[in-house]
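Trainee: If you want the building blocks of each chain, they are given just below.
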Amino acid sequence: MKRLRSLHALTAAFLVAFITATGLTGLAVYRATHGTIVALVDRRIASVSGELAAMGTHSGTTELIRQIGALTRERDTGDLGLLLTTANSRFLAGNIRLRRPLPEGFSTVDRALGVKGLSTGRALVRPIGDGLILTVVAETEPFDDYNAARARIYLFGFGSIILVVVAGVATFGFVIGRRIVAMRRTVEAIVDGDMQRRVPVDGSGSAFDQQARAFNAMLDRIAGLMAEISNVSNDIAHDLRTPLARLRGRLQALARRAERGDAPPAEIIAEIEGAIADSDSLLAMFAAILRIAEIEGGARRAGFERVDLGAIAHHVATTMQPAAADAGRSLVDGDPVHLPVAGDRRLLAQALINLVENAIRHTPEGSRIRIVAARAGDQALVSVEDDGPGIPAAERARALRRFGRLDGSRASSGHGLGLPLVESIARLHRGTLALGDAGPGLRAVIALPIAP
Amino acid sequence: MGLNLLLVEDDAALVAMLERDLREMGHHVSVATDGRAAIEAVTRDRFDAMILDLMLPTVDGLSVLQRIRQDGMGLPVIILSALGRPVEKVEGLDAGADDYVVKPVTAAELNARLNAILRGRRQPAQDGDTLRAGDIVVSPARFRAWRDGKAVDLSKIEFNLLLELVRNVDSIVTRAMLLEKVWGYDFEPATNLVDVHIRRLRAKLTANGGDDPISTVRGVGYLLPG
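For the protein sequence lines, the chains are B and U, in the order given.
Quick note: the first sequence uses the working numbering, first residue 21, plus one each step.
Quick note: the second sequence uses the working numbering, first residue 970, plus one each step.
Please keep in mind that the hints were generated in silico from the structure rather than gathered at the bench.
From a predicted model like this one, the values you see are computed outputs, not experimental measurements.
Now the in silico label distances, taken between C-beta atoms and shown as ranges:
no., chain 1, residue 1, chain 2, residue 2, range
1, U, Gly1195, B, His358, 40 to 46 Å
2, B, Met215, U, Gln1039, 49 to 55 Å
3, B, Ala331, U, Val1059, 21 to 27 Å
4, U, Val1059, B, Arg326, 16 to 22 Å
5, U, Gln1039, B, Asp355, 51 to 57 Å
By construction, the Cβ of each residue, glycine as well, lies at the ideal position given by its N, Cα and C atoms.
With the rest of the complex left out, here is chain U (with noise of 0.2 Å):
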């Protein structure tokens, strides 16, 4: 699915190695390395996503965003910081940003994470309905989840986090997503929490015979097939 990106972000190292990246993803990338680029390039052509950076030359991250969206524009946006501070986090937010990521930051987790806001901008949340990734089904309203029809028992978090794959079926999600989304941590613990549970949800999974149905990315996150 190649999307037409507009990258805002003024390290030429940085846009070299996403831009790079991107492309090799099947991305079109432009790029602007000042916030007035920026505002000029998404006023004059349409974009499927924006990624920001929020200091910038000329005008900041965070003005470009609150331009754009007093504009009317609604494309999605991920803002890219180097501190990565709560405050700019609900600043950004509140301005109107789909996501925030913090630096370093890797063309792979820019990519699972625009697909994750495009995937939830297509089809709104139906947490009320049973969700499926190949044989595997779960009920976000039941807390229960099934493969190949036989009920798996799983706790709260190895339940969350199949839920989270089985929304982004198809797509990478990457550990910081699954960190922010089932522990809703904003801190990146010592211990590899995720690769931990996903390990139990595997052998959970496949109890009852059946191969592995998530896929690690190394390096990246998990995937679950549809």
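The following block holds chain B by itself, in its conformation from the complex (with noise of 0.2 Å):
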């Protein structure tokens, strides 16, 4: 059975299969009709036989000749071979001459019996008294050589079928393996490392063409997944560098100066809290790009509950202004509304007090940032703006992006993680994040489907 399960094997086992069944049925149909005929023939002469005998009992031998000649004459009799002979085989009447004598009762007759026009046919021959013998023989063969017609007509129509089915077959195991190869070289090669590689497409819409559709879109995700793990894998390598390199540098002039024992202790101490700081911010980076991968789990909706974002939104502002004071800006805080959401309130003050250090970070001094919380139909919305020098439309994507800090700013501050990070806390609330202008300056707007 192993054997069967490849495509050929299975073919070749069909078509051998449906040969034999399609050949059986063509002889038994060939037998069956055979048959039948023979049957009707049979029938027939023993009629004519039986009413000829009957007549021969009541109405005398005279008057039987006289009929046979009658029925040799007559149009829907004149095909008969009709023959009345003694036992000894003396000719009384009848239209047809034996080359050898005919066993009693029925037999298949040919041409070797002698009788002009006959092919093959079926012989009766029964005594009727008075020492008579009636012989009746009739023709199986409507014209001459009609089996050999009929066997060929039988072998050209079913052989016809066969041929239909043995090269619908073919093309249809030649299509399935063409498209299979094709899928199989495809796999092949993406296995090699040709990521670019797909299945070809012919466009008719088949199923075979939808399947190879939904398998080129699906390289297409996994090819788009590989993109971001290889730009977020150059990004973390590149932004993990120059910290570590800076935090390296500053740890050598250490040692040399602690070797030389001339630096006052106070400077020593300032360098390493310099590299501790390094080693802060990196800790910071890892402790943001784990805080995106367990959001982006999704394992923190389980302890999701109906928290107010404007309470949260008041309860930032509370929080950061200190902080915006000491560095120069002002924060201020719009009216309290209450907008309740499905949510994790510490994973939403983390949203918006990143977004108003971003805010500090990238205005002047002197800046102002709002925090404005308002319900729009069915949507909670807080938005974080200030009047600083924005971002251009054509760059908030990138801005979006995990380490896709703006040229000029990578030398500030800041991981390149905060605006990714609050985007995939609002889509794990199923919610968006939106950066604006809010003319002039940024405007990033974090909006939640309200709770029902």
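Need the complex rebuilt from these two chains, each delivered in its own frame; the hints are there to steer you.
Mentor: In structure tokens:
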């Protein structure tokens, strides 16, 4: 059975079964029609023979001979071979002569009988009393070589069915095989590292075509994810190198100064604290990466409860106000609004704190930052806007990309994960983060669905 | 106050550092480097507290904790976690941990948290009463604070900061502890919120004269002497 699993073996097995069945059917039909004809002919000659025998018994031999003569001349019985002989084969009447004697009862006869015009037929021989023997012969072929012709017809008919099926199966197998081979080649190429390969699509919209399209769409998605991973790994590597290199340089210099022993302890301590701050910023970056991974895992959703986004916005404003003031920016809070949403209080606070920190970091001193909570239909909105330089519309998408710090701001602080983290928090809450123009300045809006 | 501590951690470098620093603080430290050894040690000897890493060879930290709590041992346990996932934290606290710290961790942080736990166990919460630290009195029930008999007008955040310091009078309270207790955050914002608000609190406490009552412990946190 194991061999039948291959496509070729299955096809061959099917074809053998089909040809056998068709051949047997053809043979059976041929035999059945032949049998039917023989039975019909037998019935006819038996009927004629019976009538004549009865007449011979009742009306006498002379009348019987006259009747035989009449039958051979009539149109509907003229094709019958009739012969009346005595027991020792002396001819009395009829339209045929036999080359050899026939056995009593039904028999199959052919040309060897020597009856003119008869190729194959049936004969009935019966004694009808008074030492007389009546023979009736009829053709089973309406014309010459009828059976050969019939065999030919069956052969062509059933043969063409077999041919059509064999050709169909072969084509079918070829088409499926070609598709499978094409797909396998693509998979092999991808396994070998060629991510650009795709399964050929012919645009016919067939099931195969749809299959190929679905397969290609999956490959596109995988390629996209791989590109993203590769980008992120590149970015992480790049963004880690800078602070790590700085940290290393600092520690090296520190070791040299400690060796010389001429630096005042206060300076050494300040250097060490700088190194600690460097490692803290590295740790903060890892914390953000892990946090995003945690949020995108979606497990935090299990802890969602009904929270008031308006109250969280107000709380973040009060928490961040002194920090903004220390940094020379003013942070103002809009009117309190009740915004019930299903969410995680700490994550939402983290998102808003990130937006405020972002605003403080990217505006000049003296700037004004506003946190405004509002309701728009079934959406809870919290916007953080500043009157700083803003982000040009063309660059906003990049600002949301991980490590997507805009050119020129790479030197400034921050690990480039702030806005992506906010966006992933918004997404976890089935909401969005949109960056817009506050005219002037940046407006970042978190929109979450209002909890019913 | 020297404590008899069991440190369960398989990272040799971290063990060496924590062991040295905790001893310097006057504690006695025993080390177990896998879960089975930890269970054996805690069954054999009496400890004042256990510091327990979650990812351990042989038996993981959470199972160690469940095991010793099932055996009726109530010693204070602080969990150390490398990843700091909230699920871990919930599991750890459910299993009977007293506190949960995310690596990297310093001996000073552990010491501060141990003090807070032991203090909490010695004296049950007395939020109904007023609390005192030197010339500072706070009333959690009335949300009011006084210094030297004069009322000090504090914001909610400042009040909660002061309350946390008063509760842990004479002990260091770390920034991470304050972020957890006062703000309820499980993350550390880039902005140093604790320092910013402590500065405001100090200004209000010294507005009517008097020395700054809050000591800064460099790199660790704050301390309010009694």
